[in-house]
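Construct all of the structure, not just a fragment, from the sequences and the given hints.
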Amino acid sequence: MADPMRIRAQASGDKATVRVLMSHEMESGQRKDASGKIVPAWHIQNVTASLNGKPVFSCEWGPAVSKNPFLQFTVKGAKAGDKISVTWKDNKGDTRTDEATVS
Amino acid sequence: MQTRRQTLKHSAVVAGLLAGTGLFPRYALAFNQGAFDAKSIADAVKALGAAGAPAQSSAVTLTAPDIAENGAVVPLALASTLPNVKQLLLLVEKNPNVLVSVFNVNESVEPSFATRTKMGQSSDVYAVAITADGKAHYAKKEVKVTLGGCGG
Numbered sequence: 001m002a003d004p005m006r007i008r009a010q011a012s013g014d015k016a017t018v019r020v021l022m023s024h025e026m027e028s029g030q031r032k033d034a035s036g037k038i039v040p041a042w043h044i045q046n047v048t049a050s051l052n053g054k055p056v057f058s059c060e061w062g063p064a065v066s067k068n069p070f071l072q073f074t075v076k077g078a079k080a081g082d083k084i085s086v087t088w089k090d091n092k093g094d095t096r097t098d099e100a101t102v103s
Numbered sequence: 001m002q003t004r005r006q007t008l009k010h011s012a013v014v015a016g017l018l019a020g021t022g023l024f025p026r027y028a029l030a031f032n033q034g035a036f037d038a039k040s041i042a043d044a045v046k047a048l049g050a051a052g053a054p055a056q057s058s059a060v061t062l063t064a065p066d067i068a069e070n071g072a073v074v075p076l077a078l079a080s081t082l083p084n085v086k087q088l089l090l091l092v093e094k095n096p097n098v099l100v101s102v103f104n105v106n107e108s109v110e111p112s113f114a115t116r117t118k119m120g121q122s123s124d125v126y127a128v129a130i131t132a133d134g135k136a137h138y139a140k141k142e143v144k145v146t147l148g149g150c151g152g
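Line by line, the protein sequences give chains A and B. Going by our numbering, the first sequence opens with residue 1, and the numbers climb by one from there. Going by our numbering, the second sequence opens with residue 1, and the numbers climb by one from there.
Take the hints with a grain of salt, since some may be wrong.
Unchecked claim - Below, in silico cross-link-like pairs of lysine-lysine (DSSO-like), each with a Cα-Cα straight-line distance of 30 Å or less:
(1) K89(A) <-> K94(B)
(2) K67(A) <-> K39(B)
(3) K54(A) <-> K32(A)
(4) K37(A) <-> K54(A)
(5) K89(A) <-> K32(A)
(6) K54(A) <-> K39(B)
(7) K86(B) <-> K15(A)
(8) K135(B) <-> K54(A)
(9) K37(A) <-> K79(A)
(10) K76(A) <-> K144(B)
(11) K67(A) <-> K141(B)
(12) K94(B) <-> K92(A)
(13) K86(B) <-> K79(A)
(14) K32(A) <-> K94(B)
(15) K92(A) <-> K141(B)
(16) K32(A) <-> K76(A)
(17) K79(A) <-> K15(A)
(18) K39(B) <-> K144(B)
Stated by the list, open to error - The following label-pair restraints were derived from C-beta to C-beta distances:
(19) R6(A) <-> A59(B): 31 to 37 Å
(20) P4(A) <-> K94(B): 30 to 36 Å
(21) Q121(B) <-> N52(A): 41 to 47 Å
(22) A59(B) <-> G36(A): 43 to 49 Å
(23) R8(A) <-> G120(B): 40 to 46 Å
(24) P40(A) <-> Q56(B): 34 to 40 Å
(25) A77(B) <-> S85(A): 36 to 42 Å
(26) K39(B) <-> K76(A): 32 to 38 Å
(27) T63(B) <-> P4(A): 25 to 31 Å
(28) G81(A) <-> K39(B): 42 to 48 Å
Note that these hints are calculated values from the structure, not bench results. Remember, predicted model here, so these are calculated numbers, not experimental data. Just so you know, even glycine gets a beta-carbon here, dropped at the ideal spot from N, CA and C.
This is how it looks when you write it as structure tokens:
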């Protein structure tokens, strides 16, 4: 299991800006190791988010997203006290979910 | 016995057929390998189901640095003011695989996202918005990458 994500969700008006920092190697599959063999790709493929249990956001990522990825998106209709949960899934099937409260 | 070349040819044909019938999986949690394997912007946009060539549009905005000191972490933000946007894509033209990210837009999120990207070399970066009717609109910006440089 990977390290926890850092999630910050800030409400302004009827929207909330969500910023997420994930902890992931995001190996591109282009690099070679010391013996010249290609390091296999290992990256997050899907990120989804839900507001109070209702899915609101999803995206797909290729290997070109930076290591320890940063993501920012804006959810409509979110107010302080709502729960935002973010889930990622990588191409090895590993997954992690973390939750934060909108402030 | 099939040679590797034949196998590759066959899989390309099958992928083409799938894309043609519109059965290519492109919904949430179905990772679109074909689009992420694409080597050109036109291929990637087509694999995601857009019809026709992308047109430049001022309704799509891409926020990127002019010069990125470190190609491993290039902060990029994209947004669109078009109605009925289905997907926002982020593409880097000279990366080995051009497609970086696909953001699915629905009524509960703003069509405005930010993330950080790896870039192999200086290149044009594209933000593409695909609307519900399958049209693609884009904005582009050139980002210079100075790996190991002092950043000019």
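- Query: Do the alpha carbons of K37(A) and K79(A) lie within 30 Å of each other, as the hint requires?
  - Reply: Answer violated: K37(A) to K79(A) is near 50 Å, above 30 Å.
- Query: Is the straight-line distance between the alpha-carbon of K37(A) and that of K54(A) 30 Å or less?
  - Reply: Violated, at roughly 43 Å.
- Message: Check the hint pairing K92(A) with K141(B) against an upper bound of 30 Å on the C-alpha distance.
- Response: Judged against 30 Å, a Cα distance of about 33 Å means the pair is violated.
- Straight-line Cα separation of K89(A) and K32(A) no greater than 30 Å? 24 Å, holds
- Message: Next pair to validate is K89(A) with K94(B); report whether the Cα-Cα distance is within 30 Å.
- Response: Since the Cα atoms of K89(A) and K94(B) sit roughly 27 Å apart, the hinted pair holds (cutoff 30 Å).
- Message: Check the hint pairing K76(A) with K144(B) against an upper bound of 30 Å on the C-alpha distance.
- Response: With a Cα-Cα distance of about 35 Å, the restraint between K76(A) and K144(B) is violated, given a limit of 30 Å.
- Message: Against the range 41 to 47 Å, how does the distance between the Cβ atoms of Q121(B) and N52(A) compare: consistent or not?
- Response: Between Q121(B) and N52(A), where Cβ atoms are some 44 Å apart, the hint holds.
- Query: Is K79(A) close enough to K15(A), meaning Cα to Cα at most 30 Å?
  - Reply: 7 Å, holds
- Take a quick look at whether K39(B) and K144(B) sit within 30 Å of each other, Cα to Cα. 20 Å, holds
- Item | Restraint status (C-alpha distance of K32(A) to K94(B) at most 30 Å) | 19 Å, holds
- Query: How does the Cβ-Cβ distance of A77(B) and S85(A) compare with 36 to 42 Å: does it lie in that range?
  - Reply: 23 Å, violated
- Message: Looking only at beta-carbon atoms, does the pair A59(B), G36(A) fall within the given range of 43 to 49 Å?
- Response: Hint holds: Cβ distance 47 Å, inside 43 to 49 Å.
In summary, the structure is inconsistent with hints 3, 4, 6, 9, 10, 15, 16, 23 and 25 from the numbered list given earlier, while agreeing with the others.
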